[in-house]
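Participant: As a plain string of letters, each chain reads:
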Amino acid sequence: MHAASRLPEEVRLTLEAIVGSHGLIEDPGRLLAYEADALTTRKGTPLAVVLPDSREALIALVRALHAADLPFVPRGAGTGLSGGSVAHDSVVVATTRLRRILEVDPENRTALVEPGVITAEISAAAAPHGLRYLPDPASATACTIGGNVAMNSGGPHCLKHGVTSDHVLGLEIVLPDGETAWLGRGEDGGLDLAGLFIGSEGTVGIISSALVGLAPVAGTTRAMLGLFDGVGDAGAAVSDVFERGLVPVALELIDRATIEVVEASIFAAGLPTDTEAALVIECEGQAEDVEAELAIAAEACRANGAREVRVAQSEAERLAIWRARKKAYGALGRAAPDVFVQDAVVPRTELVRLLPEIRRIADSYGLRLANFFHAGDGNLHPNLLFDRRDADEVSRVEKAGEEIMRLCVDAGGTITGEHGVGSDKVRHMPLLFGSGELALMGALHHAFDPAGLANPDKLLPVDRVGGSAR
Amino acid sequence: MKSSTLVSGSEQELAEALAALRTRGRESEEAVPGPEVVVTGSARPDPAPLLDSFPGAVGSEDPDPIVLTTARLSEVIEFRPRDLTIEVGAGMRMRELLRLLEERGLWLPVSGEGLERSVGGWVAAGSPSMWDSAFGPVRRQLLGCRMLTTAGETLNWGRHVMKNVAGYDLPRLLAGSRGRLGVLTRVTLRLWPGPENTSVLSFPGESGWDQGDFSGADARVIHVSRDGELREIAVFAGREESVRRRRAALRGFLGSDGLHASESVETGIVAPPPRTPGSAVYRLTPGRRYLASTLRSLVDTTDRGRPAIRAWPRSGSMLARFDTASARERMQSALDRLEFRWPDGDPMAAGTGLPVGLERGGPADLEWAQERRKPSAVAIESRIEKVFGAWPRSWLADHI
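First to last, the sequence lines map onto chains Y and G. Take the first sequence: its position 454, counted from the start at 1, is 454 in our numbering, and no numbers get skipped. Take the second sequence: its position 87, counted from the start at 1, is 87 in our numbering, and no numbers get skipped.
There could be a bad hint or two in this list.
[Stated by the list, open to error] Listed next, the stretches of chain Y that the computed footprint assigns to chain G, with coverage defined by at least 3 CB atoms under 8 Å from CB atoms of chain G:
1. 87 to 101
2. 174 to 182
3. 198 to 206
[As the list claims (entries may be wrong)] Computed list of chain G residues with no C-beta within reach of chain Y, every gap over 10 Å:
4. Thr23
5. Phe79
6. His160
7. Thr198
8. Ser202
9. Gly216
10. Arg226
11. Arg289
12. Ala334
13. Asp336
[What the hints assert, rightly or not] Below, a sample of chain Y positions facing chain G; criterion: calculated Cβ distance under 7 Å:
14. Gly189
15. Leu193
16. Asp229
17. Gly230
18. Gly245
19. Asn379
20. Glu393
21. Thr414
22. Thr416
23. Gly420
24. Leu432
25. Ser435
26. Leu444
Think of the hints as simulated: they come from the structure by calculation, not from any bench. Backbone N, C-alpha and C define an ideal beta-carbon position, used for all residues, glycine too.
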């Protein structure tokens with residue numbers, strides 16, 4: 001063990017005094033669990049992991065790290081897909097023990113939660129009051145609300161209801177120097193401060209609590225499948241749904257490669273493996289409206305060449321379709337040891353042109369590609385399958401990924417819609433922003449983290465600490 | 001009469017004017033504060049009416065504000081009807097934008113004073129509206145924007161896409177920033193399919209508004225006139241047959257309570273009361289739970305010089321307009337007596353609980369609203385303002 005990769009003894013004692021020996025991990029074997037998030041190609045070894053179990057401990061930790069001039073990396077459940085919680089020679093502050101739901105207020109339709117609360121638990125706690133928390137990342141049963149707020153996470157049902165930022169009413173932030181502030185959405189006549197901190201990826205502090213909005217559980221929810229022989233046809237149907245005046249709560253596309261993998265797994269939902277693309281369309285509301293909306297969606301599918309439209313006939317059938325969609329990423333593990341997932345968003349009408357293009361790029365590099373994504377939002381998730389032990393394949397994945405990213409940006413798109421920039425897409429930021437925009441974001445960062453301690457090397461490609469080397 | 005300087009022109013000309021102002025500011029570094037810069041989308045060649053509606057502003061710290069108008073930036077930059085996005089110059093009038101959208105069967109959730117504003121003014125004001133609970137507030141509709149910094153530099157944020165988490169979320173910060181951080185010159189907006197039918201059902205309050213089932217309506221408004229008349233308004237927007245069915249259901253529900261509802265396809269009733277010179281408009285956000293008690297205390301305690309109020313029970317917010325200084329003072333003392341607490345459990349120092357933002361008003365109104373803010377949030381905000389070289393404010397105009 002190199003001395004350089006150990007916590008200084010004095011700091012170790014301070015941290016241990018705050019979280020106890022059970023809240024401090026330094027053992028190299030145990031640190032392995034924290035070397036990456038769900039994007040396993042980006043790794044780093046933290047100096048240590050600290051697990052505060054109270055707000056006070058979290059604040060004390062950040063103060064101690066600030067005093068010791070040690071950088072820190074906030075981390076939730078580690079389900080992120082952009083290498084946002086990878087730590088190099090810094091201390092991981094894991095919020096997984098801060099998992100109390102402080103209050104569910106059915107009258108106000110709000111829940112006040114600690115950052116380590118698992119996203120799906122909020123809806124579970126609200127359910128007895130007929131309420132739910134709307135954003136639903138595919139990892140909702142594992143990820144934490146703190147991580148969702150830090151990354152401004154999305155999910156299939158964000159199409160109609162909006163992303164995390166649309167459902168956070170306020171939050172408490174612990175700034176990198178340990179100061180705390182409650183940030184609202186500008187209802188006090190000031191700026192939307194929470195809006196700026198949501199999606200800041202832990203680069204301006206750690207969220208110590210969040211007040212989230214709850215919504216009534218839908219009266220009726222129904223889903224349907226549109227099955228297509230061409231992925232371009234499915235893309236055209238997506239636009240057509242909106243042109244018919246319909247905004248479904250979810251509109252997802254699953255391609256053949258994904259269906260084959262899912263149907264061979266324990267999440268099989270009876271999707272036909274000979275179909276090139278399936279659209280999952282869900283509508284909710286009053287029963288009569290849902291019925292009418294499904295009919296419109298079915299028309300849009302048929303008008304664009306769907307060979308079959310299937311409406312889920314039972315709640316069990318509907319849930320099976322969603323399980324297939326949400327577990328698809330996990331099921332890919334059967335097909336290849338590693339998966340490289342992208343997260344570009346393009347104008348919806350570009351899907352028709354881009355889906356075959358992306359396939360062509362993958363083919364040209366001899367790579368296997370599986371697509372399942374939020375088609376209604378134009379949020380692509382092309383998954384390139386590979387084996388990290390094959391150096392040549394790894395380099396082809398990187399090149400293909402780069403080409404797909406440029407294709408999407410050139411089509412008017414953005415580099416990430418919900419996974420975040422993290423460490424993975426920092427290099428792509430100049431595709432979107434000029435030096436003026438990057439400098440302003442750098443200045444904003446500097447205003448809150450002048451010492452450059454908060455989640456270093458993430459989000460911004462510029463030297464965030466104004467030239468001083470770290 | 002307040003004197004002022006109006007700057008109108010192309011984006012390039014506005015940028016040059018800002019750069020020149022910045023230089024002027026540097027030259028006179030001493031005790032003289034820089035001029036107040038007021039951004040407006042108003043097409044009026046003379047900004048006097050804008051300022052005149054504010055007798056309070058005459059006494060403001062700056063006798064000679066610079067009024068910068070985006071009125072000439074009113075062109076369509078990029079319209080992608082099939083993608084449900086549009087990018088327009090910030091000076092386009094909102095009614096003109098809605099007309100363009102209607103031609104393509106599209107729509108933007110705008111109501112009330114938002115209809116009278118420029119598109120940039122609508123975004124910069126970020127005011128609450130009846131559509132917030134169904135479609136999200138202004139900030140959800142803003143996908144991107146182009147701005148001039150206070151130093152005249154051009155910056156671009158966002159794209160014609162529905163989701164975007166690349167970098168800090170500048171569009172969210174700029175929506176509702178009231179033109180203090182710079183000048184919005186172009187905005188890119190999320191559009192919605194146009195509803196086939198928009199209509200309202202209204203009936204006299206207040207019997208229904210605590211327990212009535214409005215779940216079938218797309219928006220709910222409580223309207224209190226200055227003479228104390230309270231009306232409940234249910235707004236429906238959607239497919240023809242769906243609106244008809246839901247409206248009939250609510251009507252039946254109300255009828256069983258002996259309430260007579262009047263029906264209208266005219267949504268004008270939800271329009272804001274006309275502006276009056278010297279009035280102040282406050283935005284109050286008591287939340288769903290305290291909305292009713294806040295409303296009652298405002299209506300009861302200010303029996304003379306009552307405010308005109310529009311409240312949105314679903315989002316727990318309201319706008320209250322006070323026409324006289326004495327009415328304002330009563331409102332302030334009434335709010336100071338109400339019990340609220342912040343979600344982070346901060347003890348309720350009297351008068352700091354209920355979030356109160358000033359939408360429009362003079363220096364005294366602004367000062368009172370500012371004093372109620374949480375110091376920790378004000379400190380965060382001032383760090384951001386410093387980064388942007390934000391303009392100071394001693395009063396707030398309507399963002400038109």
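Participant: Look at each hint and say if it fits the structure.
Facilitator: Consistency of the hints with the structure:
A count of 0 residues in the segment 87 to 101 of chain Y with a Cβ less than 8 Å from any Cβ of chain G is obtained; the coverage claim is therefore unmet, three being the minimum. With 4 residues having a beta carbon nearer than 8 Å to a beta carbon of chain G, the segment 174 to 182 of chain Y meets the requirement of three or more and the stated coverage holds. Counting residues of the segment 198 to 206 of chain Y whose C-beta lies closer than 8 Å to any C-beta of chain G gives 3; at least three are required, and the coverage claim holds. Remark: the non-interface label on threonine 23 of chain G is consistent with the geometry, its nearest Cβ contact in chain Y lying 19 Å away (cut-off 10 Å).
The beta carbon of phenylalanine 79 of chain G sits about 12 Å from the closest Cβ of chain Y, which is more than 10 Å, so the claim that it is off the interface holds. The claim that histidine 160 of chain G is not at the interface with chain Y is violated, since a C-beta of that chain comes within 10 Å of its own (minimum 5 Å). Residue-level check passed: threonine 198 of chain G sits 13 Å from the nearest beta carbon of chain Y, beyond 10 Å. Against the 10 Å criterion, serine 202 of chain G stays outside the reach of chain Y, whose nearest CB is about 22 Å from its own CB.
Residue-level check failed: glycine 216 of chain G sits 7 Å from the nearest beta carbon of chain Y, not beyond 10 Å. Against chain Y, the non-interface label of arginine 226 of chain G holds: every CB pair exceeds 10 Å, the least being about 23 Å. For arginine 289 of chain G, the shortest C-beta to C-beta distance to chain Y comes to about 4 Å, within the 10 Å cut-off, and the non-interface label is violated. Distance to chain Y confirms alanine 334 of chain G as a non-interface residue, since its nearest Cβ pair spans about 18 Å, more than 10 Å.
Chain Y leaves aspartate 336 of chain G outside its interface by the beta-carbon criterion, the shortest separation being 15 Å against a cut-off of 10 Å. Satisfaction of the interface hint for glycine 189 of chain Y is found here, the shortest Cβ-Cβ separation to chain G being roughly 3 Å, below the 7 Å cut-off. Restraint check, leucine 193 of chain Y versus chain G: the minimum CB separation of about 6 Å is within 7 Å; hint holds. Restraint check, aspartate 229 of chain Y versus chain G: the minimum CB separation of about 23 Å is more than 7 Å; hint violated.
Interface hint at glycine 230 of chain Y: violated, since its Cβ lies 19 Å from the closest Cβ of chain G, which is beyond the 7 Å cut-off. At a threshold of 7 Å, the smallest CB-CB gap from glycine 245 of chain Y to chain G is about 4 Å, leaving the interface hint in force. About 5 Å separates the beta-carbon of asparagine 379 of chain Y from the nearest beta-carbon of chain G, less than 7 Å, and the hint is met. Hint on glutamate 393 of chain Y is violated. Least Cβ distance to chain G is approximately 28 Å, over the 7 Å limit.
Hint on threonine 414 of chain Y holds. Least Cβ distance to chain G is approximately 4 Å, under the 7 Å limit. Checking threonine 416 of chain Y against chain G: minimum C-beta separation of about 5 Å stays under 7 Å; hint holds. Hint status for glycine 420 of chain Y: holds, given a least beta-carbon distance of 6 Å to chain G, under 7 Å. Taking 7 Å as the C-beta contact cut-off toward chain G, the hint placing leucine 432 of chain Y at the interface holds, the least distance being around 5 Å.
Annotation: interface hint on serine 435 of chain Y violated; nearest CB of chain G at approximately 10 Å, more than 7 Å. Checking leucine 444 of chain Y against chain G by beta carbon gives a least distance of about 5 Å; that is within 7 Å, so the hint holds.
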